[in-house]
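Participant: Residue numbers (UniProt numbering), protein chains in the order written: chain A, 1 to 341; chain B, 1 to 341; chain C, 1 to 341; chain D, 1 to 341.
Since the hints were made in silico from the structure, they are not lab data. Be aware that a few hints might be false.
It does not matter which identical chain is used: a pair holds within one copy or between any two.
Below 25 Å or equal to it, Euclidean Cα-Cα: the simulated SDA-like pairs (lysine to any residue) are [to be verified]:
no. : residue 1 : residue 2
1   : 118       : 207
2   : 2         : 250
3   : 195       : 107
4   : 2         : 261
5   : 2         : 199
6   : 195       : 302
7   : 2         : 338
8   : 118       : 63
9   : 2         : 334
10  : 195       : 76
11  : 118       : 194
12  : 2         : 254
4 protein chains.
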Amino acid sequence: MKIGILTSGGDCPGLNAVVRGAVLKGITVHGHEFVGFRDGWRGVVQGDVIDISRTMVRGIAKQGGTILGTSRTNPFDNGGGPEVIEAHLVRLGIDAIIAIGGEGTLAAANRLTDVGLKIVGVPKTVDNDLDATDYTFGFDTAVQIATEAIDRLRTTGESHHRCMVVEVMGRHVGWIALHAGMAAGAHAILIPEQKVSVEQIAQWVTQANARGRAPLVVVAEGFVPEHLESPHSPRGLDTFGRPRLGGIADKLAQELETRTTIETRATTLGYIQRGGVPSAFDRVLATRLGMAAIDAVVEDSWGTMVALRGTEILRVSFEEALGQLKSVPQERYDEAAVLFG
Amino acid sequence: MKIGILTSGGDCPGLNAVVRGAVLKGITVHGHEFVGFRDGWRGVVQGDVIDISRTMVRGIAKQGGTILGTSRTNPFDNGGGPEVIEAHLVRLGIDAIIAIGGEGTLAAANRLTDVGLKIVGVPKTVDNDLDATDYTFGFDTAVQIATEAIDRLRTTGESHHRCMVVEVMGRHVGWIALHAGMAAGAHAILIPEQKVSVEQIAQWVTQANARGRAPLVVVAEGFVPEHLESPHSPRGLDTFGRPRLGGIADKLAQELETRTTIETRATTLGYIQRGGVPSAFDRVLATRLGMAAIDAVVEDSWGTMVALRGTEILRVSFEEALGQLKSVPQERYDEAAVLFG
Amino acid sequence: MKIGILTSGGDCPGLNAVVRGAVLKGITVHGHEFVGFRDGWRGVVQGDVIDISRTMVRGIAKQGGTILGTSRTNPFDNGGGPEVIEAHLVRLGIDAIIAIGGEGTLAAANRLTDVGLKIVGVPKTVDNDLDATDYTFGFDTAVQIATEAIDRLRTTGESHHRCMVVEVMGRHVGWIALHAGMAAGAHAILIPEQKVSVEQIAQWVTQANARGRAPLVVVAEGFVPEHLESPHSPRGLDTFGRPRLGGIADKLAQELETRTTIETRATTLGYIQRGGVPSAFDRVLATRLGMAAIDAVVEDSWGTMVALRGTEILRVSFEEALGQLKSVPQERYDEAAVLFG
Amino acid sequence: MKIGILTSGGDCPGLNAVVRGAVLKGITVHGHEFVGFRDGWRGVVQGDVIDISRTMVRGIAKQGGTILGTSRTNPFDNGGGPEVIEAHLVRLGIDAIIAIGGEGTLAAANRLTDVGLKIVGVPKTVDNDLDATDYTFGFDTAVQIATEAIDRLRTTGESHHRCMVVEVMGRHVGWIALHAGMAAGAHAILIPEQKVSVEQIAQWVTQANARGRAPLVVVAEGFVPEHLESPHSPRGLDTFGRPRLGGIADKLAQELETRTTIETRATTLGYIQRGGVPSAFDRVLATRLGMAAIDAVVEDSWGTMVALRGTEILRVSFEEALGQLKSVPQERYDEAAVLFG
């Protein structure tokens, strides 16, 4: 049996560990052969593949990024579609696809499975916003990097008696902000799911300052303060028409400094959160997901995605996986809010 | 309401985050007062306490160890027992106890609750061997430290074409070895739950070497090879009659070198696995457990322990928590064994 | 003898290690007493001090920031000047001052020494721009943090076939960019000392891309490309009239993307470079400088600054120390340029 | 011109950065060709080489170990000697050798240069014991790893009120112990250069304990306490007759516990100090040394070694480099001793 693997969408720590897990299990236990589609769905649509040998996955579990390359190509655009893909699979002798990607990839995989392609999914989202799995790999690494960076920023804030505003990833959900903020002891955590006014934030900042602390505000990039226009409108698109990472921290820092008169500095962590050596947690999770994907292939579980529940790896259908975004529930936010102010 | 907190047994990354979570929730939400028993049950038995203010828990979530001190004192020995403890609690005006500790602490807390003391438990075991919770705090940090150390050892092994044997914590269960070994790509993982002969290990080492790899063996301290006497018997006790950390790696390295003629080196990670800055994962988990312990106190859930299931914090009775050791199940070992050899 | 210590200007990893070194040597060897001026020269001008005991410096060598607080106050402004300061010193019984700071602090200390105050200086600049010393503490930590961040960014760049532009500290000199860029293998390093055109940078980026690399550009915040207006002019001041950190990376990324058509992303590391746990190198250097400052005090070497030359700690006069900025020499830039393109 | 590179002796963080620096400078600036001798002098003696292309050195500066492999082979033994080597060089068309190694390698290179071989040396010693250079690469990384490990051990010591004894590398000189001990705030630093009695050490431990600290003892592996037989005699050789890493920490911990009655634990850091990702400092130093070795080759400076003095890279003759071991001078030990007790 010959299996094609692809990694799609934004890169994420743990992608290579998934590939390693799948390839080693497939080769060792089942005698599978493997190819990698280059740059995500682009490689599928264009039939652009490389052979993956056992040697090629050597030591890659600790490498960030993806050895297969990635892109944001949609398999139904760019001259793609099921017939074109099918033809490439037949030509290349590929029996099944393991697609590692986020919601877009799983939605596309769902449509392709409906017309008969044999696809198994592995969930990938640094933001941890997929509802069908407890955690996705990459999230733990991102939270760890953000927490270490915030630990560093605190000593600067304390030495200068400043308020520090830190922007972390999270366009639609606030999981990274919630966890890094709790870990680092933030005096305010701001996430897309929760409307909070600048007045309220300024009050938390003032309270922390009054207790002699250097106020720490952790804000998800997708947070929009109540009564303020979206920070994404004026500078939301770059010269190539793509949405821009960042922005809210700068704006918020200015607003807070004006209202509280406490010197305030903004830092946007940006891409450092998604690159580099994955945490041990993510390597283990990703390896297990890769191996479980092979089990799904062997058992003809097409149209399913592997997922973590508690300490177990299960399978859920693409439909179920695509149900809705996993946002931060009210009780988790309230729990963190105990630390505010 | 006045709550006494204690940390008992071996130190563990995250203890201070539990204390912070409990104290901040108790003070902020419920107006509780807090004291800390010094050095675990010793402080309870002797009525030796310090006041814990909000200021005292400032920034401690990222500190390893425990600001309260710890010991291995049993509350029924050393002049202790329920009457003595009760008398101290009355004298000090303490209404309830939050006991952070492992199996010994929970068993003692169970006996004390049976005779009427008001105790809530928080599970603590670096080894992750408590059955009633998915994970315990400290485990993630230990796995991360071990994985980073093993990553370092690999480059030495590869440069010298050596086999590297690494001993990690795990006297009765192999969770740290399993996770660190999977994360680092070990060619053999040896745990107390699995009998493996030295012949089998030597074969894995030889296979890895034949494929051009520097063989990597990760062994839990409590592993005993089949047909070999326990490494703990000859040098198992130190001059004070206490069990010694380490030992199996040295012995195994010699055996493997003799059998395979591959130059082999042993490293025992030891105490570095349990000290220092906790991972973000452990800080979040520990903070949540500390807060949940306050909920249990407020709801008079005496005799229960807070526990992680999936992403939720639940309560389980001490009896349930003490049921049995959580050992590595066969399927998890088989999963890791795909990477062996 | 009673010594007052102050830390002035931007915070810097290692400040606390200087304080520890000075205080432990002074107390242990000479029986000195110590006070800390709060928030740099502000504490001197206002006579605002705290006692420093041996207990207070316990374990602080590994803490970022400064336990004394810092500010950008000038001792000749804000109601200061030699008479006011002298009066405070007499009132507080302070015999000598150890001033830890950058060029501004040393210049002020020089003027104060000229009128008879007893001051010894310890050089502090994250940017490493003081000519009289081989290295200043904090620089090594900043380079290490920047290098680790760039290592992370590379895997993202490689997975997406993007050019990554990273902005590091260095308003007037490019030492951090030079070292982090060499360590991380940058395809272009851009520093204030070297005029380079955008055309040239675009050519290096294109060359690296042609060889299959994800181009990496490391730029010091103070770099100004030839033929481009200063990035600091339009957005150089914030609402409080202070110069803004950052800016060149965003602008450069847009220019490079336009010229090369290679997808390009900017990251500004900002404050994370100057906070948090100091590297071992910086802790040793800072400790030694603190101890050497006590030697200078004991030997009445007023008006001198301690400095590193090779592996030795020497003294140089304030005049010599203030001679000129230590900029990156041409041969060091040429050396790094071997890696470009 | 065709240059052969070898890495010899124990592996060391930065070896690959030297190779990268040399190869990129040679190829880019001078059009050199490169081969690597496999496994140090073994590859020279046997004429066993691999081609080194520009692609092969891609991204290796951040990899620990050596891509060329290493061994402890002596070029005059194992069928070697100048004639055999000369013959291989002629056959392979190799014009010059860059030998990266410690004292043994430089001594061998010296003898080979004397009979006409064209060799340039690059100093390599994790222990930093070469007299002709301020620092050697690898030393900074080792000190950093040791310091981070000791930081972790402290929190365990403090929680349990224990004395922690940590053994670091340093068979003949104590530089790693000196620097890591100063950085981490050790209450005793024990190095081969300084005779100290167990009584004295026990006194320091007792003093620190009396001040409420958890005593921290950092000991170099080659330290021998006064009045105690060498710890290397009973267990100094393993089953293959090689000297064993470690030993003194265990012995010392027992002695100290017996004398002070303070619970004491030993940790031997071992191989983790020499593997893994090099620090930025070491990457920069190693890259510069590699480039400077090419300059030496181009200028026919045979029989010289590149070396760091202050911030400059110079050349010294092999004779000068081999003069004597660089041991820790008395004044540096006295400086650190201010922190003892």
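Participant: Look at each hint and say if it fits the structure.
Facilitator: Structure-based check of each hint:
no.: 1; hint: 118 with 207; result: neither (57 Å within a copy, 34 Å between copies)
no.: 2; hint: 2 with 250; result: neither (50 Å within a copy, 43 Å between copies)
no.: 3; hint: 195 with 107; result: neither (29 Å within a copy, 45 Å between copies)
no.: 4; hint: 2 with 261; result: neither (64 Å within a copy, 36 Å between copies)
no.: 5; hint: 2 with 199; result: neither (59 Å within a copy, 34 Å between copies)
no.: 6; hint: 195 with 302; result: neither (40 Å within a copy, 37 Å between copies)
no.: 7; hint: 2 with 338; result: between (53 Å within a copy, 19 Å between copies)
no.: 8; hint: 118 with 63; result: neither (29 Å within a copy, 39 Å between copies)
no.: 9; hint: 2 with 334; result: between (49 Å within a copy, 24 Å between copies)
no.: 10; hint: 195 with 76; result: neither (37 Å within a copy, 47 Å between copies)
no.: 11; hint: 118 with 194; result: neither (40 Å within a copy, 37 Å between copies)
no.: 12; hint: 2 with 254; result: neither (56 Å within a copy, 42 Å between copies)
The structure fails to meet hints 1, 2, 3, 4, 5, 6, 8, 10, 11 and 12 from the earlier list, while all remaining hints are met.
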